[in-house]
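Peer 1: Please work from the sequences and hints to get the whole structure.
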Amino acid sequence: MNTLLQVRELTTRFHTPEGTVFAVNGVSFDLGEGETLAVVGESGCGKSVTMLSIMGLIPKPPGEIPKGEALYIKRDLLKLSDAEMQHIRGKEIAMIFQDPMTSLNPVLSIGRQITESLRTHLGIDQKAANQRAVELLEQVGISEAARRLADFPHQFSGGMRQRVMIAMALACVPNLLIADEPTTALDVTIQAQIIELVIQLREQLGMAMIWITHDLGVVAGLAERVTVMYAGYIVEEASVDDLYDDPRHPYTLALLAALPRVDLRRERRLKSIPGAPPSLLVEPKGCPFAPRCEYVREICRKENPVLTPVAARHKIACWVDINSGDLR
Amino acid sequence: MESTTAAPGSVARLFPDELETPPLSLRQLTWRRFKRHKMAIFGMISLILLGFYSFGGMLLFSEADANFVDTKLILQAPTAKHFFGTDTIGRDILARTIYGGQISIIIGLTAMLVETIIGVVIGALAGYYGGLIDSLLMRFTETVLTIPQIFLLLVMAKYFGGSIPEFELFGRTFSGSVIVIILIIGFTSWPYLARIVRAEFLSLKENEFILAAKAIGTPTSQIIFRHILPNSAAPIIVSATLGVANAITLEAYISFLGLGVRPPTPTWGNMLERAYNYIESAYWLWLFPGLLIALIVLSINFVGDGLRDALDPRSRAI
Amino acid sequence: MNQANRTLVRVENLRKYFPIRRGIIIERQVGAVRAVDGVSFTIERGETLGLVGESGCGKTTVGRTILGLYPATQGQVYIDGQPVFGAKSRDMLVIRRKAQMIFQDPYASLNPRWTVDAIVSEPLRVHQLIKDPKMRSERVVELLNLVGLSGRLVNRFPHEFSGGQRQRIGIARALASDPLFVVCDEPISALDVSIQAQVVNLMEDLQDKFNLTYLFIAHDLSMVRHICDRVAVMYLGVIVELASRNELYENPLHPYTRALLSAVPIPDPKKDRHRSRVILRGDVPSPISPPSGCRFHPRCPIAKEHCARLVPDWREISPNHWVACHEA
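Order-wise, the sequence lines are chains A, B and C. Note that the working numbering gives residue 119 to position 119 of the first sequence, counting from 1, and the numbers run on in steps of one. Note that the working numbering gives residue 56 to position 56 of the second sequence, counting from 1, and the numbers run on in steps of one. Note that the working numbering gives residue 273 to position 273 of the third sequence, counting from 1, and the numbers run on in steps of one.
A hint or two may mislead.
[As the list claims (entries may be wrong)] In silico DSSO-like cross-links for lysine-lysine, where the CA-CA straight-line distance does not exceed 27 Å:
1. A:285 <-> A:67
2. B:205 <-> C:98
3. A:60 <-> B:35
4. A:67 <-> A:302
5. A:60 <-> A:285
6. A:271 <-> C:270
7. B:214 <-> C:134
8. B:205 <-> C:88
9. A:74 <-> A:91
10. A:271 <-> C:209
11. C:271 <-> A:271
12. C:131 <-> C:88
13. C:134 <-> C:98
14. B:214 <-> C:131
15. A:79 <-> A:67
16. C:209 <-> C:98
17. C:88 <-> B:214
18. A:60 <-> B:38
19. C:98 <-> C:88
20. A:302 <-> A:285
21. C:98 <-> B:214
22. A:74 <-> A:127
Keep in mind the hints are simulated off the structure, nothing from the lab. These numbers come from a predicted model, not from an experiment.
Peer 2: What follows is the structure, encoded as structure tokens:
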């Protein structure tokens with residue numbers, strides 16, 4: 001598989017009146033063509049900021065990307081100008097967000113918003129763009145597509161709006177779709193519909209996907225590989241089967257143990273992780289998970305572990321081997 | 001390291017340093033945002049100076065000085081002895097502006113209190129209860145609003161101007177018209193605030209913490225005054241601040257037209273009245289009180305603008 | 001204990017309609033949102049009843065109406081034998097002491113201008129349970145300790161706390177009046193996964209300690225399975241199925257329940273891949289004019305002709321397993 005995106009040591013900070021927010025601290029990962037990568041973590045872990053940084057959507061100031069590169073087909077996205085990024089955004093790399101009500105312009109019709117993207121990036125005329133827009137809406141399962149081109153966002157339900165977002169994102173058949181918690185705000189049956197749609201489209205169009213979520217259930221059904229983030233770091237990266245079968249990082253282990261199951265009888269209490277995630281205003285020193293970790297050692301508090309392989313295509317950032325209890 | 005599996009009777013403890021102490025409290029944040037407005041700081045300083053001028057000036061000039069009539073010195077231009085000159089019956093203008101300032105400021109503050117209390121009560125009841133009460137109160141409010149305030153003031157001033165006799169307070173004599181002016185300004189200025197408060201209450205009462213209070217069984221009066229009102233403080237504070245400026249200006253208007261505060265009590269406004277016939281010939285009669293009025297109104301407006309931005313709920317840390 | 005005494009909460013044919021008014025000068029009622037349209041159930045002392053459904057099903061309205069926060073359009077609710085609707089204000093105050101609520105949004109359910117002490121002690125003041133202010137403050141510290149917060153935090157304001165901590169404050173407040181019954185309206189939906197486990201464990205401990213009865217309203221079916229004894233499934237204002245926990249999840253009878261359960265993501269990739277999913281078509285219809293007959297029939301995969309005409313009976317298909325479906 002060819003590599004589509006190569007991110008190395010991406011570091012993003014925000015300078016606020018309260019201090020510097022260390023949002024992303026040296027994140028590195030690869031994404032192959034057509035591959036689906038899930039980025040999992042709780043709020044504040046930096047998963048959204050990482051993707052927004054790659055897409056050039058971080059306002060600077062107060063944001064700052066002091067280090068790192070994001071190589072997309074040999075070009076470093078972090079070094080491109082805004083004008084150059086505009087050519088890539090929407091056309092080669094598309095992004096969809098959690099709340100379609102705020103991502104869609106409420107005063108423009110859906111048709112107008114889809115065709116605008118088409119015309120800007122593909123340079124086709126209005127008639128052709130309208131035709132293509134109807135095709136797209138049908139593709140995402142919106143019935144009476146031709147009539148609905150003239151409708152406005154508020155006339156669609158939450159699930160349908162998200163379908164429209166997907167249609168817009170895929171209009172120019174991008175190489176990569178970045179989805180930031182697109183189903184978090186949706187009902188579970190609607191979420192299932194959307195995920196089924198996305199899987200279908202993935203088969204048809206073959207695009208790569210980065211799916212950001214906190215829901216370890218959604219990840220299991222959708223991703224090929226998973227990275228787990230905590231406090232701005234990647235703490236574990238593995239294939240989806242390996243992550244659930246053989247989690248190696250204490251945080252991943254703890255997250256999985258804290259999940260209730262809809263398919264299993266209750267055996268015991270949920271194992272909660274004591275404490276809370278660290279404040280991002282403090283410059284990280286040592287492993288960020290150390291204060292809450294069951295397996296913590298002296299070295300964990302002093303030095304931050306680097307992401308290193310433990311098995312084939314399975315990396316963790318940890319000093320301890322949780323199976324043996326010893327230092328690695 | 002503790003886990004939180006608690007046996008009954010024991011306590012699940014969090015780490016003491018876990019509390020997210022924000023570096024700044026709400027009050028500090030608000031002050032910091034206020035400081036960013038240079039004009040607001042200028043306004044605040046100038047108000048403090050004007051306060052010192054009017055109330056501290058009592059130490060330099062007695063009230064008798066302000067009322068002392070020296071017919072030999074009628075209409076004198078500013079001199080070293082009479083810094084701001086003398087008026088049509090020979091009184092020192094500087095001293096009069098000091099005492100006049102006291103009255104103007106007091107009228108401003110007190111009228112603002114009257115208007116704020118009325119406006120808040122009406123707005124709160126209308127916003128909280130809605131329905132028929134809201135309709136009735138709002139129709140009443142709108143009626144008062146449609147009548148031009150100046151007109152209302154003039155009519156009320158003409159009829160009630162002399163109805164309260166002179167009174168003594170702190171060993172000084174005040175014309176009863178001061179009270180009348182305060183009341184009529186207060187009674188005609190409240191609609192603006194009532195609408196604002198009503199809007200705040202309409203939106204705040206939908207909040208979950210209000211529902212929580214109802215679920216607890218909190219009586220309605222406590223919900224209105226202890227729950228909702230503190231959360232609508234920001235627009236009330238801004239409105240009250242600007243209300244002081246408004247009251248001072250209104251007092252100047254009606255005094256200038258001869259219907260305001262009656263002698264012997266000086267105000268910046270009624271000093272202007274005397275000056276009308278001497279606009280060109282004796283500029284010092286109107287220049288100094290006029291400047292002071294302009295300065296105080298401007299300063300209050302700057303402070304009000306700064307407060308409005310500083311208290312903006314959207315930038316509040318939640 | 002005899003049968004009647006064991007029942008703490010009885011809901012009989014509860015209906016709550018919200019009128020829709022139109023008009024410029026004079027408003028007239030043109031329709032109604034039938035948020036709750038005939039709901040009946042009981043809750044035994046010490047039990048946790050789960051109420052699940054997707055957005056718009058009316059579960060939150062049920063919770064609020066049961067406590068008398070909304071006046072019922074029809075029907076009656078009995079809490080500890082006392083009727084809620086039509087109660088005199090003195091009796092209502094007693095009910096409010098015995099029945100409390102925990103809210104979904106930790107950011108909106110605490111008055112931002114009040115200190116923690118004021119918030120938690122409000123029930124004590126309103127019900128005049130402790131007249132002496134000093135003793136009240138001591139009780140507040142006790143309550144905070146019970147939920148795992150330090151007593152030193154009494155003079156802080158809500159915005160200084162994290163979401164999980166605020167939720168704990170809300171729980172402390174709910175416990176202040178020593179209630180028998182607590183309506184938990186999506187108490188953990190707004191929290192991170194690892195904090196959800198903390199709060200759920202806390203709620204279970206408190207239930208054991210104080211013999212509380214919970215109505216647990218949620219859309220997270222996995223969590224509901226974990227902590228509820230019995231579960232009721234709502235759709236468009238009515239309950240469609242009610243059974244004990246394992247019975248509902250292992251043997252769902254209503255087609256909507258089946259679709260709902262199959263849509264819940266399972267954090268186990270191998271299992272997830274081999275599931276048979278029932279994907280529902282379309283969106284939830286509007287509660288303003290629900291479909292005729294069985295409300296679910298437009299989206300039901302096994303709907304027959306009579307389903308559109310006849311409203312299904314509420315039947316006990318197997319012991320303690322109730323369904324409203326013609327085809328069950």
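Peer 1: Against this structure, judge whether each hint is valid.
Peer 2: Status of the hints after comparison with the structure:
no., hint, in the structure
1, A:285 <-> A:67, "holds, 18 Å"
2, B:205 <-> C:98, "holds, 24 Å"
3, A:60 <-> B:35, "holds, 24 Å"
4, A:67 <-> A:302, "holds, 23 Å"
5, A:60 <-> A:285, "holds, 25 Å"
6, A:271 <-> C:270, "holds, 23 Å"
7, B:214 <-> C:134, "holds, 25 Å"
8, B:205 <-> C:88, "holds, 24 Å"
9, A:74 <-> A:91, "holds, 17 Å"
10, A:271 <-> C:209, "holds, 20 Å"
11, C:271 <-> A:271, "holds, 22 Å"
12, C:131 <-> C:88, "holds, 24 Å"
13, C:134 <-> C:98, "holds, 24 Å"
14, B:214 <-> C:131, "holds, 21 Å"
15, A:79 <-> A:67, "holds, 11 Å"
16, C:209 <-> C:98, "holds, 16 Å"
17, C:88 <-> B:214, "holds, 15 Å"
18, A:60 <-> B:38, "holds, 26 Å"
19, C:98 <-> C:88, "holds, 16 Å"
20, A:302 <-> A:285, "holds, 7 Å"
21, C:98 <-> B:214, "holds, 14 Å"
22, A:74 <-> A:127, "violated, 36 Å"
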